[in-house]
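If you read the sequence shown in numbering that gives the first Met the number 0, its first letter stands for residue 0, the second for the next number, and so on.
If you are wondering where the hints come from, they were derived from the structure by calculation, not from laboratory data. Virtual Cβ for every residue (Gly too), placed ideally from N, Cα, C. Possibly wrong hints are sitting among the right ones.
Label pairs and their computed distance ranges (CB to CB) [what the hints assert, rightly or not]:
1) G799 <-> S735: 30 to 38 Å
2) P124 <-> G223: 35 to 43 Å
3) G223 <-> L397: 50 to 58 Å
4) I89 <-> G306: 42 to 50 Å
5) G306 <-> D381: 25 to 33 Å
6) A230 <-> D381: 54 to 62 Å
7) A420 <-> A473: 22 to 30 Å
8) R370 <-> P314: 27 to 35 Å
9) P363 <-> V878: 31 to 39 Å
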Amino acid sequence: MLLECGREQRLVRDLLHRLGQGAGGVLTLTGRPGHAQNALVHWGACRAGHNGLRVLRAQATPAERELRHGAVLQLLAALPGLDDVQDALIDPDDHRPAPGIDQVLRAARTAPALIVIEDVQWLDPASRNWLGVLLRRLDPQVPLAVLASSCGAALVPDGDADPTSRTAAPVQRVVVPPLTDRGVAATVRACCGVPGDEEFVAALTSATAGNPAVLRDVLREFTGHGLAPVAHRLPELHALAAGVVGDHTVRALDGLPTEASAVLRALAVCGDLLDFPRVRALAGSRAMPEDRIRTLLENVGLTVSVGDKVHIRFPASKARVIEDMPAAERADLYSRAAQLAHGSGANDEDIAHLVLRSPRLGAPWVVSLLRRSFAAALRREDHHRACACLSRALQEPLDARARSRLTLELAAVEAVARPEASDRRLGELVRSAETTELPPQDAGLCARAIDLGFARGNSEWARRTAGETLPGAAPTDREDLVALFWLATPQDDDEPMVPEVPPLPDRPVSPAQAGARAWQLVTVGEGADKARKLARIALTGDAREALLMPRLAACAALLTTDDHDEAGDALDALLATARHAHLRSIAARVLALRARLHLCAARLEAAERDLDSAERALPPGSWHSRALPNLIATRIVVSIESGRADRARQLAETPVPADGEEGAWWPSLLFARARLAADDGDWEETLRLSRECGRRLLRRRWTNPALLGWRPLAAEACLETGDRTEAHRLRDEELSLADHWGTAAARGSALLWTQRLFDDDRDRAARRARETAALLRDSPARLAYLWSRLRQVGAEAAHGDSAAAARCLEEVSRTAAVHPASRLATAVRALTIPALAVPAVSPAVVPPGWRALTEAEKSTVLLAARGHGNRQIAEQLAVSRRTVELRLSNAYRKLHIGGRKELYRLLEALEGPVADAS
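With the sequences and hints as input, model every part of the structure.
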């Protein structure tokens, strides 16, 4: 099928017509491999035979390029009685000039003859010389014509470059172009039986460059898979086209001279980085002239020149060239290319691409370059590339300190991309640190490695490794290892410790031990003041040099002691440290904890943002199975409070690995599921889940109601299922434990969620509601406070104080208006108190310009409204101070305000106090 070849076919017909009239001529059809020149020559030969002309045919091939007179022997095979001539052509000692030409010319005078030669570029030198002699002797009046095809090389050179090749017969050389979109569309219709849509045809044209041979092979594969030529099949098309192009590349390589093949391999490795003379030098090309190599590679359709660079035309060709190289040769080529690219001042990322595929180089610049590429990959969120850069850097010669630091940094990034590999690497790092003498500044390496593994949630590994490392640890490391051991150890673990680990001091001085001890006190609900003081000790010093999990435990302790402002500031600082050090697992844990802080303060959107950020920092699939339930549980509770019950149910059904049930955070997921069951009125399931939650907490001796208020939920389920005695026992236990802990939030929350469990008359119910609201008003538990005020509405109305009920309702309604879909707003709308007019809960008035802000501008504005300086905001958002300034400037302009004071008032009117917005 010859498409879009009308011009070429006319020229062939004219040549044959002149030959039939007794006049000779020469026509060479050139083009890239597969551009129909061979098909046209074959068509011309068939037409000549049909017209009664004698046809002498030869096809040159790379395999016969060294065969003396191989093409001439094919031509003369059609003429009888030339055995002696053929012997002379084969004999290398026969020096007669061009034997057989006289016989060919005599035969042409008796019957017009057409000499057809395919692929002139592969002619052996002897055949080329023989044909040159024939052309010089060719007379226009002799009925002998030559029809040839080639990829770039003409049978008769253009111009006067080679006077010895001139012929008296008319000579034409025509380049056969690729198919246009129209030709490709016609080929698609012919091969597929149906027209291809426009997008498919355009993609196919691009993938094949309009090459008819490649096009037909691609479509043969495509239709063989039963695919239709439509746009949604483009992925399959590109995959098939890449394979076909690669196969055509291999065939083209087979015919290239060794030196040209070497240059092509060098182009595949670094042709996009280096100019052609450097690529040629890399390939070791010296004998073949530069222009000759350029022309040869372009003629076979493999390359294209752009300025002083030569590029391989198709990515698939580049990939196939590299794949077909022996591994050792490929590695050596990449190694030399990397060094040459570095010496020529190429871009870091491009050099890193070469280094990543090179063996150990040993050059001083390699590690620093890979570290820069690592940082750039992290900025792009390309964690696999970041891991590859540090893994490759570890192959270079490094001292013990640099190797340990790189390994720790690599493990931190692998926690996102390859969490199991991260765990293994941290374990190897701890073991090697035990046997390697490190400088004093790296004495705490084991503890930092365990701290990092613990951050992903692998508490059992952290506990075991800290205990095993302790006996051989330096005195300066022992305090940190003891802190990590006890922070990762459940209170119910009565197994004998081998070796024995000393208990935490009651009043530790070490920040790490203070953080662990503060959390111990929180879990057992003993000494809120003491836990607060220890948490503050834990947060002293430079966070960049401290263990981070004990600091996170200290922040969690401050949440339970009602010191939310301190906890928020410490979490912000810890987040900035984690982001600066690329510790994504720590950052995720910080954000998840901060989401709980926002939830407690009734900032539902902020909680959602932090949970989204936590999952971006560490995708759920990378969380350890023992920590994942905490993330899911927080998501469920936030969804419940936001009024998205369907989303909460979907999250509750999220499968968790079996090992997750053994972790410290499994009870939080049980509690979240119990809350959902209670909302659905399934009290049997609520009772089962809440009791199992309590059983697991009590097994760990976690009795503090400030952690999870499971008792009121279980008590309400008991009451609904008829077990009043157990309900009252759980109620009284909750109140007693909350009073023992002593914080306003714990006491107020216990009163709030047990109110329904009292058989109060109206007077006592009102007093209890007021007491609850008064306690929570002075606590940071704003969400619980709003629920207490809503409960107070009913109590005051029942008591007959409509004015007090109205005041409570007005306060709750203002906040509910900010989140009209929330559970609280739904409860407000559901109030049915005849003596009280329930105000409509509609969305709050959004400040003019607020919706025009980008998400980045909103985050920056909220931090500024809280009182953070530009430097703090920059650290927390991991951007430059200049970026912060630009975002605030844009936000002020969109909001039509002049500064932070107006910003604070504007947002306070929208959401209420913004003491900890982010």
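Hints and how they fare:
Remark: the range hint 30 to 38 Å for G799 to S735 is upheld by a beta-carbon distance near 32 Å. Under the hint 35 to 43 Å, the C-beta atoms of P124 and G223, about 42 Å apart, fit the expected range. Taken as a hint, the range 50 to 58 Å holds for the pair G223 and L397, whose Cβ atoms sit roughly 52 Å apart. For the pair I89 and G306, the supplied restraint of 42 to 50 Å holds, since their beta-carbon distance comes to about 48 Å.
Evaluation of the 25 to 33 Å hint for G306 and D381 yields a pass: the beta carbon distance comes to about 30 Å. Here the CB-CB span from A230 to D381 is close to 29 Å, at odds with the stated 54 to 62 Å. With their beta carbons about 28 Å apart, A420 and A473 fall inside the hinted range of 22 to 30 Å. Checked against the hint of 27 to 35 Å, the pair R370 and P314 passes, with Cβ atoms roughly 29 Å apart.
At roughly 32 Å, the beta-carbon separation of P363 and V878 lies within the given 31 to 39 Å, and the hint holds.
When each numbered hint is compared with the structure, a violation occurs for hint 6 only.
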